[in-house]
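Taken in sequence, the protein lines are chains A and B. If you number the first sequence the way this note's numbering does, the last residue is 397 and the count never jumps. If you number the second sequence the way this note's numbering does, the last residue is 68 and the count never jumps.
One should not assume that every hint holds.
As the list claims (entries may be wrong) - With the C-beta cut set under 10 Å, the calculated list includes, among others, these residues of chain A facing chain B:
| hint | residue |
| --- | --- |
| 1 | 26 |
| 2 | 203 |
| 3 | 309 |
| 4 | 328 |
| 5 | 341 |
| 6 | 383 |
| 7 | 385 |
| 8 | 386 |
| 9 | 390 |
No lab work stands behind these hints, which were simulated from the structure alone. Idealized CB from N, CA, C, for every residue including glycine.
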Amino acid sequence: MRIHQNGRRPAADGIVIAGGGLAAQRCAETLRRCGSEEPIRILCAEPHRPYDRPPLSKELLAGGKDPRALSFREPEWYERSAVDLLCGVAARRLSPGDRRVETSDGSVLRYRKLLIATGGRPRTLAPLLGYQNVLTLRSLDDALELQGRLSSGPRLAIVGAGFIGLEIASTARGLGADVTVIEAAPAPLQSVLGESIGAWFARLHDQHGVDMRLGHTVARVHAQAGTVRGLTLADGSTVAADLIVVGVGTDPDVDWLAGSGIGLPGGVKVDPNGRSSCPDVFAAGDAAATYEAGSGTYLPGSHWEAAARQAAGAARLMLGLDPGRPPAAAFWTDQYGLRIQYLGRSRPGDGVAVDGDPEANDFTATYTRAGRVVAVLAVNRPRALPAARALIERENP
Amino acid sequence: MTYTVQIDTRACAAHGDCVQTAPSVFELDDVARVIGTGPDELLFAAAEACPSAAIALIDTATGELVYP
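Bound conformation, chain A alone (with noise of 0.2 Å):
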C-alpha cells in the first residue's frame, strides 16, 4: 500500500529509512524541519502508519485506547511533507558500495543518505515455539492479538519479568486475568536496576496478585493438539495456563543487511547520534548497538527516548547540521497505575540510596559509583526528574 507517491520518481536520490517505527518517524520529520527538499522514502515493513509502540502493553492492552490513535501522523501528513510512506514493503538487501536498498517488492531503490530503523523483534524459546497459544508481543497487530485473548479471562503465563513482561502482567491483572510470571534470575530487571530494586519490583506484582516464580526456568511443556496446557518448572513445580506469553527480550532486526558488511547479529554498531562506520550510513533505535563512552562498549536496542533522539540527531547530521548533545538515557514503566522513570545508567555494584517509602511506591533511588550519581530511579516523583537529570549530566560528562 503506497500512502504518498511523490510524484515521478525523482531524479535525485535522497533519503532512504529502512523501517517504519518511532525513529523513521522521527527521522523524517526533522529532516523537514531543518528544510530538507530531498525525495524521503519510509519503508514501513507493517501495513500501518508510522504508530508509537509504548501503549501497546500498556493501555491499548488494556482496552481503553483506539489503535488509530497511537499512529504519529494522518495520512495527510506524508502528502503535506512529500515524505513517500511505503507501507508494507520491508528492506531485503543492501549494497552500500552502490548506495541500493532491494526492497520486498522488488524495487531497487537509491540513497544519498540511509537510515537502517528497522527495529528488533522479540526473541523466542525454542520450546514453546509452534503452539498457536503462545505469543510475543512487539507489533500493533500482536497487541490485538493479546488483547482478544485476554477477554476470555485465561490463565495467563509470562515467561521473562522484563519490562514488557510485568507491563503485560500489570494489565493483565487489571483486566482480571489471573498471572503466573517465570523468571530465571532471583528478581525481575535485576541485571538493569539491581538486587534491591528488583526486589521491590518482586513485591508490587506479588501485591497485586501475580503468582512470582523468581529463579525458575522452564523445564517441560504440556501440550495438547498444537496448545500448551501447563509448564513444569525446573524444580519440579508447575504453571497450569491457557495462554502464555514469551518476553525474554528482542534482538536487533538486521537480518536484511547480511552480507552488506554493516549491521552484525548485535546490531549496527553507531554513535549516540546514529552514525555508523560507513559515511552515509546511519542507524537508531532497537536495530543500532550504540556506543557508550562511560563503559567504552555498544549497548544493544534502545528505548523510546534515545531512539527519537538518535533519529533526530542523524537526520541533522545527513544535512550537515550539529546534533548536539546526546542527552542521558532514560526511560519509563507504569505498572498498577505507578509512574517509574528510570535516568542513566547503573552496572551491578553501583551504591543504591533509597530516599522516601518503598512501602507506600514513594520513593527515589540513587545509584552512585566512585562517589558520582549515574543513576536515577523515580516511583511516583516525577517531579524528582529534571533536577536529577540535570544531576547525571552534570557528573558524566
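Model the placement of chain B on the given structure of chain A, informed by the hints.
Positioned in the frame of chain A, the structure of chain B alone reads:
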C-alpha cells in the same frame, strides 16, 4: 514565526522531558505548564520529546496547528 505552546493536561503524564529540553519554557508540577517561550527549534524539540504527545504548537499569527 512565533508559536503558542499548548499542553493537553489530560494527556500530560509528567515525564518531564519538556522541562529537560526547554527549561525556560516549561515547568513541572503535577503536570507540565508553560512558563515562558523560546526559539522555534527549541519548542519543536520539546514537543517532540514528549512521550505523551501532550504538547501542541500553534502558529500565533495564523492560528494554524503546526505540531503535532
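Checklist entry - What are the numbers of the hints the structure violates, in ascending order? => result Hint 2 alone not satisfied by this model.
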